[in-house]
Each structure stands twice: as C-alpha cells, then as structure tokens.
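K.L.:
Turn these sequences into a full structure, and let the hints guide you.
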Amino acid sequence: MPCERQPRMLNFRVEYRQRSVELVLEEGSTVGEIKQILETELGVPASKMQLKGWKSGDVSDSTLLRSLHLPKNNSLYVLTPDIAATASTSKNSGLQESLNQNFMLIISHREAQRDYNLNFPGSRTIQEMTLAASGISHPCHSLSVCRRSAPANAQEPTEECADVHMISDSEGDDFEDASEFGVDDSEMFGMGTSSCRKSPMMPENSENEADALLHFTAEFSSRYGETHPMFFIGSLEAASQEAFYGKARDRKLLAIYLHNDDSVLSNVFCSQMMCADSIVSYLSQNFITWAWDVTKETNKARLLTMCTRHFGSAVTQTIRTYKTDQFPLLLIVMGKRTSNEVLNVIQGNTTVDELMMRLMGAMEIFTAQQQEDIKDEDEREAREMVKREQDEAYRLSLEADRKKREAQEREEAEQVRLEQMRKEQEEEKEAIRLSLEQALPPEPAEESGEQISKLRIRTPSGEFLERRFLGSCKLQVLFDFVASKGYPFEEFKLLTTFPRRNITQLDPGSTLLEAKLFPQETLFLEAKE
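At position 194 of the sequence shown the residue is numbered 194 (UniProt numbering), and the sequence of numbers has no breaks.
The hints are simulated quantities; they were obtained by calculation from the structure and are not laboratory data.
Please note: incorrect hints may appear among the correct ones.
Within a straight-line C-alpha distance of at most 27 Å, the following computed DSSO-like cross-link-like pairs (lysine-lysine) qualify [as the list claims (entries may be wrong)]: (1) 336 x 300; (2) 528 x 429; (3) 52 x 72; (4) 493 x 423; (5) 247 x 336; (6) 454 x 474; (7) 403 x 336; (8) 528 x 423; (9) 485 x 528; (10) 493 x 429.
With beta-carbon atoms standing in for the labels, derived distance ranges [to be verified]: (11) 394 x 218: 57 to 63 Å; (12) 394 x 341: 37 to 43 Å; (13) 454 x 414: 43 to 49 Å.
Idealized CB from N, CA, C, for every residue including glycine.
P.N.:
So this is what it looks like as structure tokens:
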C-alpha cells in the first residue's frame, strides 16, 4: 500500500511590539488563517492587522502559503497603525492591553529649560513594576526633573553625577529619583558628567574608518546586547559601493546610523528600536547598515567631510540642522544613476511601528526604482549580448573569408607551380626532342644502292609517321625518331601488328635487319601502363 505524502509544515515566528508568537502551519494554509490565530494570541482584530515580512511583498488574506515558496523557518511582524485602544472593565484585561501600548513621557528639565519626549512600551519596568502597572496616564504623562538639594552635612559624592528628582503631574506620583526606574540618570537623560558615562562609542582620531567601526560595533554590543543590525565594517565609500554599485538585482538601500551619546534619546532608540528583532531582521535583509558616532566634534567633522564627498553639500547641511537632542538619526540613502538620494531622515523620537513603516516606505520607493534598473540592465545586457553575438559572427565571417582567401591563394600558387613545372617539363621535352631530331641521320633516298627499310608507324591519335631507314640502322635510331615526334621511349612502347611484338623490349643496339623490320613494316605506338 503506497504511503500518503505528509503535508509540509512551516514554522513562523511573529513579532508584535514586545511580544513574540511561535506558529506551525501546513503550507496549504492561507495568510488569513495566520491572522485568525494571531487574533486569538495577541487580542488584535485581524481586520486591523498588517502582517509584514513576506519576501514577495504584501500578500492578501486568501493567498496560499504554498504559492509563496517559503522556507522552513520564517520571521514575520505585525503592524497596527490604526488600532484603537479600548478600556476594559476587567483589571487583568486592562493591564494586558496597557502592556501592549506605548507611553509618551514628557519630561521637563527645569534647569536646562528643555523638554524631552520619550516613548516606552507599557512593558518597560520601573524596578519591579511595569509602566502599565504604575498608574501613569496613557497615552501621555508629564514629569519634571531637577537636581535635589543635598543636606548641609552630606558628604560630597565620589563621582560628580546628577542626582535627579522627578515629579509627576499626577497626584501621588512622585518618583524620588531616576534610580527608581532602574535606569541610570545619565543614560536616560544625557545629563551626567563624563566621569559617569561609559566608554565612548567611537574613539577620536582613529587611523581608519574600519577600526573605528570595529570599536563602535563592540561597544554597541557591550551596551545593548548582541541582537542588533550588522554594521558594515569599512569606509562610507566602501559601504556605498556595496549597496549601490553591484548588479541591479543585488543592490540595497544604505542605512546610515548616526549616534550621539549627548542625546537623551540615544539609549532608548538603541535598546528599543535598533535592537528590536523585527527591525534587525528587516535591516539585515534589505539594507547595508553603516554607523558613526558624532558625540565628539572631531568625529562629527570627519563625518560631514565624508558626506560632502559622497552625497553632496545638501546632505551635509541637512545633518548640521539637527540639534543634539534630535539624535540619533537614521539616514536612508538610495543610489541613483547619476547621484545618491537621501530618501528619509528618521529621528530618535519614534516608535518601532513608526520606524518600520518608514523603512518600508523607503523600500517601496527603492523597489520601484530597482525594478526599472533591472529592466534597463536586462535590456542593456540583451543589447550587449546581441552586439557580442554580431561581433562574434562578424569575426567568424572574417576568419572564414581569410581562410578561404588563403586557401584560394594556396591553390593559385599551386596551379602556378604546376604550370611552371609543366612548362619546364615541356621545354625539357622539346629540348630533348630537338636534340634527338638534330642527331638523327639523314633519311636515305629510295634509289640509293643500300638496303632500305620503309617503316609506317601509327600514333595513338590515328596519324601515321612514315620514314625510310637504312637496314643497317640501329633500333636506337628508330626509337630516337619516334621520340623526336613527341613519343619518348620512357612513355610509349612500339609494337608490330602481326605477329605482335614489343620492339621496345629488344636490344636498341640491334639493326633493323636483325629485328626483321625489312624491307617494310607497319608499327603502332601504345602508351605504357
């Protein structure tokens, strides 16, 4: 009995904000079935859900997974840009929903007279308590921060770090200092002195950009963990070459991450955005990611010089316009035929969903341009292929003509040589014939008193040669006479009619009388075989 074929199973890991769902489905399932399962797992309506991360771009709910030709393991993510937050009468249900929401903390720094807007997910902890459970207002909550006056008898701290006093705008919400959040003051607000900070993301005056990027990557991993975009190790020019100047199908967007430790947003952006699994996966698949630290003025000046050289002064001026508290920046650059274009500048004050949407928007623009480039490249390669084939056909035609001409020249040269040889042979034969003719004894008269032999010789052409010879003449004289008429002894034999005898086989020194060719005889010439 034949075995039934088992359906192929596909593994999916789906990221939604700070949650991850593992799914296993048959490849005969549809995209809509995935959404139905996620609706149960995440509590998000399927109609409000955008399921992203497909290799082939956006797909419909009715699309069969089999038609997408997916690998065994797949990573997807969910976006809910239009979802409406709903309150629940159940405390546990309301807390669960709050964990999936983002909280905007509006923090006023009294001394610097500056406001900072920080985005945190509800699952972010304040020591043992999440933001969702802390009772702060959603979606925005205002706080103020100032230095707390130290008691007169207090000892000077060993490190000159800012002691932050945070005051909530909600009654009873008074956070004595930032340590209650489980976050270092200088990391969260960027107000600590240099003695409190970690080692710089990038050293000053590195000999080359590759060494600086190696240091940056190591420090980034040390601060935020190993899950982060794969930073390109090399110069900005090398990163541009890798992204823009390969074959059209292999090109990618260039993401330039600009870090600034003096910005209050840097730690949040790095830990919450740049290290999110969905962002890391999307950047790795579609971008070449290059990074630089502009905390130090020397490094910033070096970056501006590189940007001017590769992207023009407009990009450099754009970077100059951003203030420190607007960093970090993520520049999305697309290579074009004649120049490089900055598609988007993403500031540090953003959410994972917004960052993903803007990356996807840049990818849509890039994909449209890439398809045009692929079409142009294919057409150009087709034209070049036709031209190469035509050139090759022309070369082969020339080669054939050359060989034909050389063969004809050789043939003509051979004909000339053979003709020359023939002429030389004829001239030689003619010379021999004339010498033989001149050496012949005179033909005797019929009335002479000597014995006369009258011979009649039939040639191959049917003509007859007639001559009188003295009976005492040697056979050699007869042979010389026949040769003088163009029938040399080497090529022809002389025969009697009856009885048939081959005279040329007789001794040339014998006489005509001895050869019994007297008083007359009819002979004929025949070519030797």
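K.L.:
Would the hint linking residue 528 and residue 429 be met if the CA-CA limit is 27 Å?
P.N.:
holds (17 Å)
K.L.:
Falls inside 43 to 49 Å, the C-beta gap from residue 454 to residue 414?
P.N.:
Because 48 Å falls inside the window, the suggested range holds.
K.L.:
Next pair to validate is residue 493 with residue 429; report whether the Cα-Cα distance is within 27 Å.
P.N.:
Within the cut-off at roughly 17 Å; holds.
K.L.:
Taking 27 Å as the top limit, are the C-alpha atoms of residue 454 and residue 474 close enough?
P.N.:
holds (14 Å)
K.L.:
Are the Cα positions of residue 485 and residue 528 separated by 27 Å at most?
P.N.:
Given pair residue 485, residue 528 holds - Cα atoms ~17 Å apart, limit 27 Å.
K.L.:
Residue 247 and residue 336: Cα distance at most 27 Å?
P.N.:
Given pair residue 247, residue 336 holds - Cα atoms ~13 Å apart, limit 27 Å.
K.L.:
Given the proposed pairing of residue 403 with residue 336, does the C-alpha separation stay at or below 27 Å?
P.N.:
Given that 27 Å is the threshold and the Cα spacing comes to 49 Å, the pair is violated.
K.L.:
Hey, residue 52 versus residue 72, does the alpha-carbon distance stay inside 27 Å?
P.N.:
holds (17 Å)
K.L.:
Given the proposed pairing of residue 528 with residue 423, does the C-alpha separation stay at or below 27 Å?
P.N.:
holds (22 Å)
K.L.:
Note whether the CB distance of residue 394 and residue 341 lies within 37 to 43 Å or breaks it.
P.N.:
Holds - the Cβ-Cβ distance for residue 394 and residue 341, about 41 Å, lies within 37 to 43 Å.
K.L.:
Run the distance test for residue 336 versus residue 300: straight-line Cα separation, threshold 27 Å.
P.N.:
holds (26 Å)
K.L.:
At the C-beta level, are residue 394 and residue 218 separated by a distance inside 57 to 63 Å?
P.N.:
holds (58 Å)
Checked against the numbered hints above, the structure breaks only hint 7 and satisfies the rest.
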